[in-house]
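Chains as they are written, first to last, in full-length UniProt numbering: chain R, 1 to 248; chain S, 1 to 238; chain C, 1 to 74; chain W, 1 to 229.
If you're looking for bench data, these hints aren't it; they were derived computationally from the structure. Treat the hints with care, as some may be off.
Claimed, not checked - Under the rule of at most 30 Å between Cα atoms (straight-line distance), these lysine-lysine pairs were calculated in the DSBU-like manner:
(1) R/K212 <-> C/K46
(2) C/K46 <-> R/K187
(3) R/K72 <-> R/K139
(4) R/K72 <-> R/K212
(5) R/K72 <-> W/K208
To be verified - Sample of chain C residues facing chain R (criterion: CB under 8 Å; computed from the structure):
(6) V15
(7) A17
(8) A18
(9) Y19
(10) V21
(11) L27
(12) T33
(13) Y35
(14) L40
(15) E41
(16) R43
(17) L44
(18) L47
(19) E50
(20) V51
(21) R58
Think of the CB as a built atom: it goes at the ideal place given N, C-alpha and C, for glycine as much as any other residue.
Now for the letters of each chain:
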Amino acid sequence: MYSAKLRTLALATVITLTGAFVLAAYYAPIEADQGFSQKIFYVHVPMAIVALGGFVWGGIQGLLYLRTRDPKHDMRSYVAIHMSVILGIGVLVTGGIWARSAWGVWFEWREATLVSFLIVFLLYCTYQPLRFSITDPEKQSRYAAVFAVTAGTFVPLNFIAVRLANPFIHPRVLNNTTGGALPTDMKIPFYLALIGMTLLFVTLSRVEMTHKLTRGRVRGLERRLERLQGESDPAGLPARSAAPQVMA
Amino acid sequence: MTAAGPRPPRTTPTRTAVAALLRKELLLERRVPQVLPAMALFSVVTFVVFRFALDTTSVEGRTASGVLWVTLLFAAMLGAGRLFVADHEEGGIDALLLAPVDRTALLIAKAITFVAFLALVEVVAVPVFVVLLLEPGLSIADVGRLALVLLLADIGIAVIGTLFGALAIQTRARDLILPLMALPLLVPVVIMAAKATAPVLAVTGSGAPGGRYLAVLCLYDLVFGLLAYAVFDFLLDD
Amino acid sequence: MLTLAANFPDGSGYVLAAYLVFAALLLVYLGITAYRLLGLEKRLTKLTEEVDGLERQRAHDATASEHEEEVKLS
Amino acid sequence: MDAATAIELRGLTRRYGYRTALDDLTLTVPAGATLVVFGPNGAGKSTLLRILATLLRPHAGTASILGEALPDRAWAVRGRIGLLTHDPLLYGDLSARENLRFHARLHGVPLGRVDELLAEVKLERRADEPVHTYSRGMLQRAAACRAVLHDPEILLLDEPRANLDPGAIALLEPLVGRESGRTRVVTSHDPAGGLAEADLVLGLREGKTAFLAPVAEVDAARVAELYAA
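Construct the complete structure from the given sequences, taking the supplied hints into account.
And the structure:
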C-alpha cells in the first residue's frame with residue numbers, strides 16, 4: 001500500500017524542509033527592518049505560494065476532468081483543493097502571528113496579499129459543502145470541477161483587484177516577499193523551503209489519495225458482501241460522501 | 001403530418017433561442033411577479049435596517065457607497081437563488097435540452113434577464129436610498145457616473161449569479177450554498193464598485209470614479225463572462 | 001548588532017509560535033489520516049475474510065443443492 | 001445501419017453512483033415500429049427514455065438514434081425526438097398557448113402549428129388559462145401537443161395513458177398513438193393495453209433485460225411475471 005516512491009518522497013520532504021528551516025535560522029541574515037520575526041517569512045510565504053498553486057492546480061485538473069471525464073482528474077482536483085485548504089489554515093495563522101509581531105495587530109486589512117488570501121480561502125471553504133450536497137457521484141464530480149475551474153481563475157483576478165484597492169496606503173513592508181529583491185543569503189533558504197513545501201504538498205496528496213483508494217476498496221467490498229448476503233436493495237449503503245468515489 | 005423519410009438535422013439559431021427564452025422569462029415575471037418585488041422590497045428594508053444599525057440619519061462618501069453595495073449585493077443573491085427555480089421544478093431545462101438549441105442560449109438569456117432585473121431593482125432602490133439615507137449633494141453628472149458603475153457591476157454580478165445559480169439549483173442545500181460561493185467571488189466587484197462609487201456619493205470631492213476601478217470591473221466582467229460561457233454546458237450535461 | 005540583540009528575545013516567541021503552528025498542523029493532519037487509514041485497513045482485512053468465507057460457503061451450498069437434485073431425479 | 005433502423009442500442013449501460021440503472025441493453029427498433037417497455041418501478045424504463053431523449057449520456061455501450069451516435073452527435077437528433085413523461089415540461093403559470101409558442105420558437109416551428117394542435121386536442125377554449133388550473137387530462141393533452149409540436153420522427157412516451165379518461169385517450173391517439181405513424185418507445189404497466197399497440201416488447205427488471213421479443217411471442221402472463229418477482 002505504501003509504495004517505495006511515497007517513502008522516498010516523504011524522506012525528501014523531511015530533509016528539504018528541515019534543511020531549509022535550519023538554514024533560515026542560522027544562515028539567513030536578520031532583516032534590518034523587522035529583526036528576528038522576519039524569519040516567519042520562510043514558513044509563511046512558501047506555504048501561501050504552494051496553497052495558491054494548489055488551488056490553481058485543482059482548477060487545471062478540474063478542466064481536465066471536464067474534458068476527459070476521467071475520475072482520476074477529479075480525484076487530483078479534490079485532493080489538491082483539500083490540501084490547499086489545510087495549508088491555508090496554516091497560512092492565515094502564521095500570517096496573523098507575523099502581522100502581530102511586525103505591526104502589533106493580528107490581521108492587517110491594508111495588507112493586500114493577506115486580504116486576498118483570506119477571500120480565496122473563504123471561497124474554497126465552500127468546496128466540501130458543495131460536493132457534500134450533491135448525491136450523484138458523477139454529477140458531484142462535474143459540478144465540483146466547474147467550481148474548481150471558476151475559483152481557479154478567480155485566484156489571480158482577486159489578487160489584482162485587492163492590490164488595486166489599497167494603492168500605497170500601507171508601506172510595502174512585505175515588498176521583499178516577491179523574491180526578486182531578496183539578497184542571496186535569504187534566497188537560498190527561501191527557495192529551499194519553497195521546494196520542501198511543494199514536496200510536502202505532493203507527499204500529503206499521495207497519502208490522501210491512498211486513503212481515498214483504500215476507502216473505495218472497502219466500500220466495494222462492503223457492497224459485494226451486501227450482495228452476497230442477499231440484500232438486493234443497497235439503497236442505504238453508499239454513505240453520502242464529499243470525496244470522489246472510487247469505483248473499485 | 002408524419003415525416004416522410006429522413007430529414008436533415010435542424011438547429012435553431014442561438015439568437016432566436018435567446019429571444020424565445022427572454023420572452024418567456026419576462027412573461028413569467030409579469031404574470032406572477034416574484035423575484036422583482038422581493039428584491040426591491042428587500043433593498044428598501046435593508047436601507048431602513050442600516051439607518052438603525054449605523055444609528056445615523058444620513059450617510060455620504062465611503063459609508064454611503066458601502067451601504068448601497070452591500071444592499072444591492074444581498075438583494076442580488078436573493079434573485080440569483082430564484083433564477084432557475086421555475087425551470088428546475090417545471091422541467092424548463094429538460095425542455096430546452098430537447099430542442100435543437102445551443103445550451104449556452106440559456107446562460108445568455110438568464111444573464112440578460114438578471115441584468116434587467118438588477119437594473120429595474122436599482123431604478124427603485126437607488127432613489128429610495130438617495131431620499132432615505134444619502135446626504136444631499138448628488139448632481140446630475142453624478143447620477144450618470146453612478147449608472148455606469150452600476151451597469152458594469154451588474155454584469156459581473158449577473159454572470160456569477162447565473163453560473164452559480166445554475167450550479168446551486170442541483171444541490172440540496174441550494175439556498176445556503178449559493179451565497180457562500182457567490183459572495184467571496186463577488187468581493188472584487190464590491191471592492192471596485194464601492195471604490196468607484198465613494199467619490200460620487202461624497203458631499204465634497206472630485207466626484208469622478210477612478211478609471212482603473214472601472215477597468216478592473218470590465219476585466220472581471222470579460223473574464224467571468226467568457227469563463228461562464230465555456231463551462232456552463234457542463235452543468236446541463238447529464 | 002545592538003538592534004539585533006534587542007530584537008532577538010522579542011521576535012523569537014512569534015517565530016517559534018509560527019513554526020510550531022506549522023508543525024502542529026502537519027502533525028494533526030498526519031495523525032488523523034494515519035488513524036483513519038489504520039481503521040480502514042483493519043476493516044479491509046476483516047471484510048476480505050468475510051467475503052471470501054461467504055463465497056466459499058455459497059460455492060459449497062450450490063454444489064450440495066445440485067447434488068440433492070440429482071438424487072431426487074434418479 | 002440502414003435507413004429503416006430508427007434506434008439501435010448495443011450494451012447500453014447507465015449507472016447512478018454504484019447503482020446500475022440500465023445494464024447491458026441491446027436492441028434494435030425499425031423505423032415506424034412501436035417498442036413497448038414493461039417493468040416495475042425502478043426497472044430502468046425512465047432512464048432508457050431519458051438516454052434516448054439525449055438527456056442522459058450512456059456510461060457504457062453505444063446508442064444510435066436515426067443513424068446518429070449518442071452522445072457525440074446528440075445535437076443532430078435533438079428536434080427530431082418527442083418526449084412525453086409524467087412531467088409535462090410546461091410552466092404552470094403560463095397558459096398552454098404561451099407554453100407551446102415558447103417551444104415552437106425554440107424548435108423553429110411556425111406559430112400557426114400551435115393553434116392547429118390546440119384545436120386538434122380540443123383545448124382552444126381554455127388555451128389562454130394558466131396550465132396549473134388544468135385537469136390531469138387537459139395537462140396531458142397540452143403536454144402531448146408539446147411533444148409532437150416539431151413533428152418528431154421518434155416519440156418517447158412514459159405511460160402516456162396513465163390516469164386518463166377514455167375521452168382524453170381518444171383525443172391523444174392521432175398525436176401519439178400507433179396511427180401517428182412515428183417510431184415509438186412506450187413504457188407501460190398495463191399488459192393488455194401495452195401488448196395491443198406493440199410490435200416489439202421489452203421486459204426490464206432491475207435494469208436488466210428479462211425478455212425482448214416480437215409481440216407475437218409474448219403474452220400477458222409473461223409480462224405479469226415481471227411484476228410478480
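Structure-based check of each hint:
no.: 1; hint: R/K212 <-> C/K46; in the structure: 18 Å, holds
no.: 2; hint: C/K46 <-> R/K187; in the structure: 52 Å, violated
no.: 3; hint: R/K72 <-> R/K139; in the structure: 15 Å, holds
no.: 4; hint: R/K72 <-> R/K212; in the structure: 11 Å, holds
no.: 5; hint: R/K72 <-> W/K208; in the structure: 29 Å, holds
no.: 6; hint: V15; in the structure: 5 Å, holds
no.: 7; hint: A17; in the structure: 5 Å, holds
no.: 8; hint: A18; in the structure: 4 Å, holds
no.: 9; hint: Y19; in the structure: 6 Å, holds
no.: 10; hint: V21; in the structure: 5 Å, holds
no.: 11; hint: L27; in the structure: 12 Å, violated
no.: 12; hint: T33; in the structure: 6 Å, holds
no.: 13; hint: Y35; in the structure: 11 Å, violated
no.: 14; hint: L40; in the structure: 5 Å, holds
no.: 15; hint: E41; in the structure: 7 Å, holds
no.: 16; hint: R43; in the structure: 5 Å, holds
no.: 17; hint: L44; in the structure: 5 Å, holds
no.: 18; hint: L47; in the structure: 4 Å, holds
no.: 19; hint: E50; in the structure: 6 Å, holds
no.: 20; hint: V51; in the structure: 5 Å, holds
no.: 21; hint: R58; in the structure: 7 Å, holds
Checked against the numbered hints listed earlier, the structure breaks hints 2, 11, 13; every other hint is satisfied.
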